[in-house]
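Enquirer: Single-letter residue listing:
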Amino acid sequence: METLFALASEMETVVEQGGSSVLSNKVMASLFYEPSTRTRLSFEAAMRRLGGQVIGTENAREFSSAAKGETLEDTIRVIGCYVDVIVMRHYQAGSAEKAADISAVPIINAGDGTGQHPTQALLDVYTIWKEFDAIDGLTIAMVGDLANGRTVRSLAYLLSKFRVKRIIFVAPDVVAIKDDIKEHLREHKIPFSEEDDLVAVAKKADVIYQTRIQRERFGDRQADFEAAYGKYIIDKQIVALMPERARILHPLPRVNEITTEVDSDPRAAYFRQAQNGLYVRMALLKTILAPES
Amino acid sequence: METLFALASEMETVVEQGGSSVLSNKVMASLFYEPSTRTRLSFEAAMRRLGGQVIGTENAREFSSAAKGETLEDTIRVIGCYVDVIVMRHYQAGSAEKAADISAVPIINAGDGTGQHPTQALLDVYTIWKEFDAIDGLTIAMVGDLANGRTVRSLAYLLSKFRVKRIIFVAPDVVAIKDDIKEHLREHKIPFSEEDDLVAVAKKADVIYQTRIQRERFGDRQADFEAAYGKYIIDKQIVALMPERARILHPLPRVNEITTEVDSDPRAAYFRQAQNGLYVRMALLKTILAPES
Amino acid sequence: METLFALASEMETVVEQGGSSVLSNKVMASLFYEPSTRTRLSFEAAMRRLGGQVIGTENAREFSSAAKGETLEDTIRVIGCYVDVIVMRHYQAGSAEKAADISAVPIINAGDGTGQHPTQALLDVYTIWKEFDAIDGLTIAMVGDLANGRTVRSLAYLLSKFRVKRIIFVAPDVVAIKDDIKEHLREHKIPFSEEDDLVAVAKKADVIYQTRIQRERFGDRQADFEAAYGKYIIDKQIVALMPERARILHPLPRVNEITTEVDSDPRAAYFRQAQNGLYVRMALLKTILAPES
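Chains as they are written, first to last, in this note's numbering: chain A, 1 to 293; chain B, 1 to 293; chain C, 1 to 293.
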C-alpha cells in the first residue's frame, strides 16, 4: 500500500504536468452493471491521463449480452479477448472474484453489490494518509449505513492492516455494522466500539467517515429506510465540536447527510478525497499494466 | 465572435489535413442529462480531431449519481476533479449557469432545458456568415416552435449583436416567441415583427430558420401540440418562392417541417450547418483549452 | 476475402506488439440501435488498437434524435459530417443498405435486424480458415435458430463463395432456414440438406456452427419459443461423437445451447472465434480507412 501511495503522489505531479503516455498501447474495458459517476469516470480519466484507451458500457445490465442471458463468465472471457484490463461494477457480491477466476486479463473490482469496493477504500486510506501523514494512532468513526455500504466494509478491512487507535461505528439499528467485519477486526486486534451519540463521537474522532443511507439497497423495506434516513447528519453544530485537525470524509454521492454549509470548512476533506480517486486509480492502472516503466 | 469564426474556418483545413494534436493532454467530460446525437457527437468528434480525450455519460439522469439524489453542484465539483472541461446538457433552464458558478473547470452549455443553446447559436451565425459573407443587413425569419426552442432563443440573442435588417417570427400561437426575447431585441434596437403568412415571408427573407415543433416540451398538452404541428411546412412550393440567394437553416433533427424533396436544393443549407457544428466546436474547445497554441 | 484474412493474420502480430498508429487521424462512430457487447466492443477495440478514435452511442434508439422522430437517413447524413466511418447496428433489416445509399462516409453493417451480420460471417469464415487451413471440402452444419439468426444467414451467403462439401441445416421447425438462403445456395450449386438428428450430424460434420434460440425475435409467440428452446444442445455426449479434427463454433452469446463442460475441449473454438473478431475488424477498418499504409 505504501508503494501504491507513493506512486499516487507522483501521479499528482504527472497530472499537473499534462499527463503521460506510459499506457499508450493499452486498452481498458469499463463494464458497469450499476450506475456510477465518480468511480467510472475517474477510472476512465485515469486511463486517459496515462495515454491509454477506454471502451465499455455504462449500463451493461440492459444493453449488453447480459440482456440475452449470457453468463458473466462468458462476457468476461470475450471482453478479455479485446482489452488489457477490465474494470467492473456488478450488482452481486462476489461477482468480481468470479470474474477474476476465469479472466485472461486483470479484473479490477469497482464495486460488487453489497460486497466490496476496494479501490474506494484505497483512496479513502490514501486521503487519510495525506491529510494526517499517518494512519497509525488515529481514531476513525464510520457513520451512516454500515450494513449495505460496501465502501465502509472495504475500508474497515483495509484499516485492519494498520495500527489505528480505535474504530467507532455509528449507525441506525437497521443498518448496523455486520458481524463479519467485527469478527475480522477482532482477529486483527483492532479496537472498535459501536456508539450512538454522534455529538460525543464528533468531539473525539480524528476522522469522521460519513456515508449515505442508500435507498436503493432497502428494496421494499421503506419503513426501515425512513427510520435510518436523517438520523445522523453532519452540520455546522457537529463540525463546531470537532478538533481542528479532524477531517470529514465521505465516499460521495451525498444526499442530506452532510449539509452544504460544511463544505467550506477546512475539515471537510471529501472533495479532496474525490480528487485523490484519480491519482490512486492512475497508480493502480500503472502498477497493473506497466509495472516496469 | 469574429475571432472564433476565423478560427472555425481554420479548423476546416485542420480536419482536411487529418486533425491536430493541440489538445493531446486534455480530457473533456461530456455530461448529458438529455438525449442528443449531433451536439454530443460533434463535441466529442471536435475533441478527438484536436487530439484530446473524452469521458462521459450519454444518460446522466438515469445512470449517474443523479439517480442516487446527488445535486448537480456536487456532480460538477467531482467531475471537475478529473477533467479539463465539462460539456453539459441538462433538462433545467439555468443549470449550466448554476454549474459554472461552482465549477473549478470551464463549463460549456450544450443546452439547458428551454433556456439556451449557445453553441448552436454560434454555429448558426457562423453558417449565415459563411453563406452570405456577412450578417449585417440580412432579413432573418425564424419559424416553428419559438417558445420552447432554445436554439431560437439563443440565436435571437446572438443576432442582436449584429445589425440585421429585420427578424421575422413565424409561429403557431401556442408557441409564439416569448416576451423576454422581444424585450431584448427592443433594447438592442433590432427591428422585428411577428407574421403568420409563410408564403409572404418566403418571398422576402434571406434566411429562413426552420425549427421542429418539439413534442417532448408539450407534456400533457397534446391538443396544443396537434394545433402547432404541421402548420408551417417548407416544401418545394415554398422554396420556389424564395430568392435564389436565400438559405434555409434548421438546427436538426427535423421531423416533417422540411420535406426531403427540398434537401437537394442549393438553398438548403442545414447539412452544411451541421458540418459547421464540428468546426465551431473545435474552435471553441481550442480557445478554451489551448488559447496560446 | 483472402487478402482480408491475410491482413487479419498480420493484425494478430500487431496486437502482440502493442498496436499501431496507422489510424491515428481517423474517427469512427459506433451507432448501435440494439444491444451488443462483443460486436461493438470488438469494433471499438479494433479502432483503438490501430490508434484511431471512437465516438458513439450504445443505445441510439432511446438516447439519440431517433427518439425525436428523426429519420435514419438524416442521422447518418449528420454523423457523416463528424467522422470517417460509421459502424451501425439497427433493428430493421435493410437499414444498413439504406444508410449506405445516402452516406458520405463508409457504413459498416454490424447487424440489421433479422437481415445480415456480414462482419460476423467474415470472422466465422476466418476462424474456419485458421482452424482447418482451408474452407473447400468441409462439411458445415448450422444448428439452432436458422430463421431469425442473421449470423447464419450471412455465413451461408459467404460460404457460397467457396466449394464446401455440404452445408447441413439442423433447426426446430418453427425456426427452419428460409427459402431465400436455400435458393441462393442452389444458384451457387452448394450441396445442402436439412436434417433433424443432431447425433448423426455430429458424427460427420467438420464444423458445427451452433446458435442461440433468440427469445427477443419471437415477440408474442412464446409457445414457438418454448418449442424451439432446448431442442438441440451440444453437451459432452454430442462432443464425444465428433471427429477429433472437428470444431464447434458459436457467434455468442450462448445461453444453454452449449454446456460449459464443453468449453475446455480443444474442439470448442468459440472463444478463439471471439478473439478473431478483433483481428478481422482491425483488418476491415484498416482496409477501409488506410488501404495504402
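What the hints contain is simulated information worked out from the structure, not anything from laboratory work.
None of the values given here were measured: they were computed from a predicted structure.
Treat the hints loosely; a few may be bogus.
Unchecked claim - Simulated restraints on C-beta separations:
hint, chain 1, residue 1, chain 2, residue 2, range
1, C, E194, A, E97, 54 to 62 Å
2, A, A240, C, G69, 35 to 43 Å
3, A, A6, B, R61, 34 to 42 Å
4, A, D133, C, E261, 53 to 61 Å
5, A, A240, C, E216, 23 to 31 Å
6, C, R217, B, S24, 40 to 48 Å
7, C, G69, B, E194, 50 to 58 Å
8, C, T259, A, G137, 52 to 60 Å
9, A, Q237, B, R61, 31 to 39 Å
10, B, S21, C, A100, 52 to 60 Å
11, C, D235, A, G219, 55 to 63 Å
12, A, N256, B, G230, 33 to 41 Å
Cβ atoms here follow ideal geometry from the backbone N, Cα and C, with glycine treated the same way.
Enquirer: Indicate, hint by hint, whether the structure satisfies it.
Expert: Consistency of the hints with the structure:
1. C:E194 - A:E97: 54 to 62 Å: violated, 45 Å
2. A:A240 - C:G69: 35 to 43 Å: violated, 56 Å
3. A:A6 - B:R61: 34 to 42 Å: Since A6 of chain A and R61 of chain B have Cβ atoms about 39 Å apart, the given range 34 to 42 Å holds.
4. A:D133 - C:E261: 53 to 61 Å: Holds, at about 55 Å.
5. A:A240 - C:E216: 23 to 31 Å: violated, 58 Å
6. C:R217 - B:S24: 40 to 48 Å: holds, 45 Å
7. C:G69 - B:E194: 50 to 58 Å: violated, 27 Å
8. C:T259 - A:G137: 52 to 60 Å: holds, 56 Å
9. A:Q237 - B:R61: 31 to 39 Å: holds, 34 Å
10. B:S21 - C:A100: 52 to 60 Å: violated, 32 Å
11. C:D235 - A:G219: 55 to 63 Å: Roughly 37 Å apart at Cβ, these two residues miss the hinted range, so it is violated.
12. A:N256 - B:G230: 33 to 41 Å: violated, 47 Å
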